[in-house]
Amino acid sequence: MSEAVVRSNAVEVKPPTKKPASPWRLALREMRKNKLAMAGFVVLILMFLFCFVGPLLSPYSINDAMNVRNGNKPPSAQHWLGTDKVGRDVLLRVMLAGRTSLLVGIVAMMVSVAIGSTLGAIAGYYRGWVDTIIMRLADIIMSIPSLPILIILGAALSELKMDPANRIYLVMFIIGFLSWPGLARLVRGQILMLREQEFMQAAEVLGLRDRRKIFRHLLPNTVPIIIVVATLSVANGILTESVLSFLGLGVVPPTPSWGNMISAANSMIEFQKRPWLWIPPGVCIFITVVAINVMGDGLRDALDPKSKR
Amino acid sequence: MTTQVIRRLLQTIPTLIGVSIVLVLIFHLIPGNFVDSNPTISKERAAELKEMYGLTDPVHIKYLKWAKGVATGDLGYSIQHKQPVTTIIDRYVWNSVLIAGVVLIFSWTIAIFVGVFSAVRQHSFYDGLITFLVFAVMSLPSFFIGLLAIKFFAVDNRIFPVGGMITTGANYEGWAHIWDVIEHMFLPVIVLTALNVGGLTRYFRTSMLDVIKQDFIRTARAKGLKERTVIFKHALRNALIPAITLLGFEIPGLFAGAMITEKIFNWPGIGSIFLNAINARDYFLMLGYTFFIAFLTIIGNVIADLLYRVADPRVRMK
Amino acid sequence: MANNLIEFRNLRTNFYTSSGVVKAVNDVSFSIREGETLCVVGESGCGKSVTAMSLMRLVSPPGKTEGGQILYKGQDLLTLKERDMRHIRGNEIAMIFQEPMTSLNPVLTIGDQITEPLLIHKGMTRKDAKKRAIELIELVGIPRAAKIFDSYPHELSGGMRQRIMIAIALSCDPKLLIADEPTTALDVTIQAQILDLMRNIKSEFNTAIMMITHDLGVVAEMADHVVVMYAGKVIEEAPVHELFANPKHPYTQGLMRAKPIINQRQDRLYTIPGQVPNPVELGNNCYFNERCEHCMSLCVEKPPILTTYENKHKAACWLYEKGGEVS
Amino acid sequence: MKKKLLILLSAVMAFSLILSACGGGDAAKPADPGTKVETPAEGENAGETPAEGELVTEGTIKATDPSKSPANATARKDTVIVGMPAPSGVFHPQYSEIAYDVYVTETIFASILQVQKDGTYAPSLGNYKVSEDKKTLTFTLEDAKFSDGKPVTAEDVAFTFTLFYDKSYDGPTDAYAYAPIVGAKDYKEGKAQSISGIKVVDPKTLEVTLETPSVLALDVFGVAGILPKHVYGAAYKPGDLSKMKDTFTKPVGAGPYKLEKFVAGQEVVFKANEHYFKGAPKVPNLIYKVTTEETNMQLVQTGDTDGETNISASLDNVEAIKSLEFADLTLNPTNGYGYIGLNHKDERFKDKKVRQALVYGLQRQEIVDGVYQGLADVVNVPQSKVSWAYTDEVNKYDYDLEKAKALLDEAGWKEGADGIREKDGKKFKITFTASTPNAVNEVLIPIAKENYAKLGIEFVPDQMDFNALQDKVKKGDFEMVFLAVGLTPNPQTAQGTLRTGGNQNDYFFSNARVDELFKLANEEFDLDKRKAYYKEIYQIANEEVAHIYLYQRRDTLTANARVKGFDVSPYKRFTFDTPVIEIQ
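Heads up: the protein sequence lines correspond to chains A, B, C and D, in order.
For the first sequence, position 150 matches number 150 in our numbering, and the numbering has no gaps at all.
Convert by adding 309 to the 1-based position in the second sequence; the result is the number in our numbering.
Convert by adding 627 to the 1-based position in the third sequence; the result is the number in our numbering.
Convert by adding 954 to the 1-based position in the fourth sequence; the result is the number in our numbering.
This is chain A alone, in the form it adopts within the complex (with noise of 0.2 Å):
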């Protein structure tokens, strides 16, 4: 049943008032109470820890040189995951995997969120021609289908002579970059409608300068709504990099990523036969994925005021 009915009747029952709380620690409780979206952020620090912390506990280092005798090893006392073909252990890449992954998705969502919320805002500051001149060319990033587009960014700038191990920045910054439109949309609506309001003439009549006003006080009102996108951007950065890692446009090798992991394990023989190359990196990307949406959803519900019990 709705909650229609509660809102015009009981909760015109004035909140509690013994704590002028703020809306940052109404969120908070409310996350609280959200138990899947609280499992949630409490499986992604865990996750940050065994990837960032666990290497250093790792017998094994990313320098240890290769050995193909030593390769394919199945999970045993001494490589807990197995190896991989060239004798690498599976644990430590799959730990060293996570920090890119981590990585690419959450500087990806850097570039979208820097840039999108500066568009939109700045499209739904001024209006007019700016806002057409952006969200033309919101339209034109969104009708290009992002894979292919992906893809051939991914090779157009392989062109530039780049280190594979900073490649992963080229994919961070291409996933960020195609990100961004859908974004900037939201903060525009968010930022149209702000303006209108009557904290907006105040600062007006100070006389602040537009700068001033877009990023003080016009942006600041729009967190919430970008700290969902943003947490929900950050997982889709994550399968992003790893379809693209299928294609082999990803992160390459050596660099591992979870998706370069799983698609290293790219025949059915390999599949049946080598279980853990390719469960370990895709159970990672599905618990990383599914605990930032679940947190997502958590705060977007906790964070939009429409949704409140």
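In case anyone wonders, no lab produced these hints; they're calculated from the structure.
The C-beta atom is built at its ideal place from N, Cα and C for all residues, glycine as well.
Any given hint could turn out to be false.
[Stated by the list, open to error] Once the Cα atoms are required to be at most 27 Å apart in a straight line, the calculated DSSO-like pairs of lysine-lysine come out as:
hint: 1; chain 1: B; residue 1: 460; chain 2: D; residue 2: 1429
hint: 2; chain 1: B; residue 1: 535; chain 2: C; residue 2: 749
hint: 3; chain 1: B; residue 1: 371; chain 2: D; residue 2: 1429
hint: 4; chain 1: D; residue 1: 1428; chain 2: B; residue 2: 377
hint: 5; chain 1: C; residue 1: 754; chain 2: B; residue 2: 535
[As the list claims (entries may be wrong)] If you want the ones that stay clear, here's a sample from chain D, every Cβ over 10 Å from chain B, calculated:
hint: 6; residue: 1145
hint: 7; residue: 1202
hint: 8; residue: 1241
Fit chains B, C and D to the given chain A structure using the hints.
Frame of chain A; chains B, C and D shown alone:
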């Protein structure tokens, strides 16, 4: 109405031009080309061929030549297939459309029902379970789900065919042929639907939650309508209308998703051809196909936009 | 004296919110007689709307009707099967709401929405239903009914929409019409028209009306009988003239004083001091005690009981309770 | 046409099939945690494959129990289904470029000559004779008919040959470079209506006159699928072959089968050509089914296919096929090889001693075994060991660290304080351009890094996308690079890589004697004489270290044992067996 349609169509022109410029620029940057990958031809011959294909033109000439062709419905010449790009697209795209269409229908139907159910039972155990499941299928890379599906459904248990679109050598006719194709569609459709349905389900859930809180739902209930009528006639209709605009953006998503599944399930669609084209550096096929999808997206958006105006009485065109 | 159409007996509806249990309707009893207009008065959040929704059995989670009975024609509505209850809603008991702008479904035509109850409750054919719907539209005073039938809500003004809501509510000749602040969101002139319309309906069809309002002007104009609610409880109940002439409860008195009176210039309107108490933290006392001018020690110790006095006047206040003075 | 395999090979590299590797039977003990994994002892020699016992790495492994063939395969009494990656639908012998289109055209069209298992040409639809001055080739035809029943005549052959020289011909054959016919230039430039060097003598005889003698002309004319002029003539307009492209999916030829149906991306269905001049094929229906790397093995297993051309030769796959028991597996050396290219313009690599040191100092066997587990050989010449022109009378360059060090010392590269060799104040640091993802590089890079460190050379990998790499190589912008190349039956094509200024010679290798030998060989049609020339070429390439030759891997052909008669070699593809295969 007609003027609205025309105006809306005219508005797409700058976007289309923008898209085409961006595409040509990007494609121009791609290293390697088809001709140079043939090791048996002399340098003179290679130069001759590149000239013939217009690969040596500076980028603005390339753009103008190509744009001129596009304006007349010619997307260029596939060097690899030695055919016009439109012929190649026509040869393979329908198989992709078939999958995309079925996936679209399935994923929307499922997403609507699940999303509605989940919204109606908000915060219940079912809602939590569905939320989790939805995120679960969204949380695996498409190729991985595809490979897993083949492993479990086609290799370990031979429930579905391993891949392809028809049983080779069977020469089925009529219904047998149709059933054969359907059988081969199962796995790719399941995988693509699973991937597609998650986001949509969330969308419908949120959208339904918004609608269910509206006053007119209370009115409908107060009329003594059955809950089913309230949800599906009164609430869903309101939730669906804004979703129409989503349809436009479904197109690139579906075709992009299909690229991976076609590759894995050996489905003879345009996606796998495109992937090959990239690897072979079949310049115009890459460019043509990408532009084709962009074009579909833009047109899809226009149609969605117009449909929205038809469907929503509040903005209905007079 | 007419029969009781509806009888609330010790109704309790609670809301389980994240901050605690809200007793939105707390042991409420009163009745509505056939053909009578009963007004329920109170501030926002006093539980008057929830009482109505409880009657319709449309309280939705986290709210729950947990005690008491609502007798309609001798049947307890609260124990009715959902199917039977559906047959009562919109058919025997109809309801109109405060926000005419949002209470109609924006994507369905007016005609669709008016004919809906006719089709399901009266089993009419589409054709008959349309005919009846057009009659109803005319009945509520909207000209060019046939054209309106095919329009969408956004094409109508607020007043017209509220008329349409009334038409929908009347479509099945209900025994009881619940009107939840039907005029609050409307212009004053429109308000008067809507109230006129409702009065006409009442006299024409002998429909009982349960009108929920916070506007004593509306009460004076419409009511036969008045129930005053405060913080989920009925604190006073009386025939309209009796109440206006002789308000007993300090809260009611406050309400009366807070009402501007025409031709009488006041420097300041009277306001009842203090705030509505936090519904979660209600103690075992008179909920009005903090704001009451006449607060006594007893008032903070024990809740007063609704007691019947002369002229069918009921009130829940220790001031009139001898027992109160004793203990 | 010969180039298709090369294309296939590049494609293979581009997609970089990750050849699954298996350490099965590896006796090496797992290293203790925390210690560096030991690399095999220095000087340990190649040759031994993992202690697997008798790993057959070449030839045919017969099915052990043909009766295990799946029922649905056995049920096909008149149809053979062969799996392969998708052909693109260019079914025209002069245009088909990717290997799978070539498979189809070879099945539908017949050519005058046909390649044998050792790479030599044998008469097929006809034969040829060379004139005294070696400039005139006379082709004679057998009595043969096209699948539509019309006879094959010299007119058809002339028509076919002429197409190669059309101005608008954009197929993969560089006809003029291989077979400079008299008058071809004039024809191409539109100055002549026909090519004066192509002369129909009588309906069974055709004379072709070349400007200069070229043994490569056979690679154009000998293997060109003959087009029936009465069918294709309608689509032919000099200077505008656009209509020819409409005929791609409606091929008509004189080959063993005719096209019944082409379902793009799915299958190519053939019917036996009852007019085939060597007698109608025994199998009435032949289907090429599109398969993918991921699942082609499963299709053989389920009986969906009777044969599969594209299962990569890895230990995993070999074992899996063996375990099917009903399938014959043919392992052939791939007609190509992998090598490390050196930029001969680089000052350091100009010194032969340095180049040799780089070969001696690299554990090639270790690398090759690491990648292919025995299913590949280390090679020392740029030729397949099954070719008639092959020689192994060359330096084997077995791993020899001391010798490598000595050579570098001699070359003036002295070890510096940091252990890195230097000369004239310059450190010896090699940037290694490598494509990624790539299975070979994955193994090669760590081993080479370590090997060369021992030599006092810093080895820095620079990994990139395959196409980017190719671009760099074309521009000469590299020092050292790993690549693989395909071979053709005619050893003469190697001139592209070894001759000064050769089209494939991106490494600036230049040797006057090699240039001379190639010229001599190209003007000689006698096999024995040519063999001697090539031998010398290979010896020079080996001695001079034109490239660091690495390996020749394996290709497979898997066939359900119910189909008999496949007898393939790296040169002779299964398509040539289609007229003779039988179902048991």
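Indices of hints not satisfied (ascending)
1, 4, 7, 8
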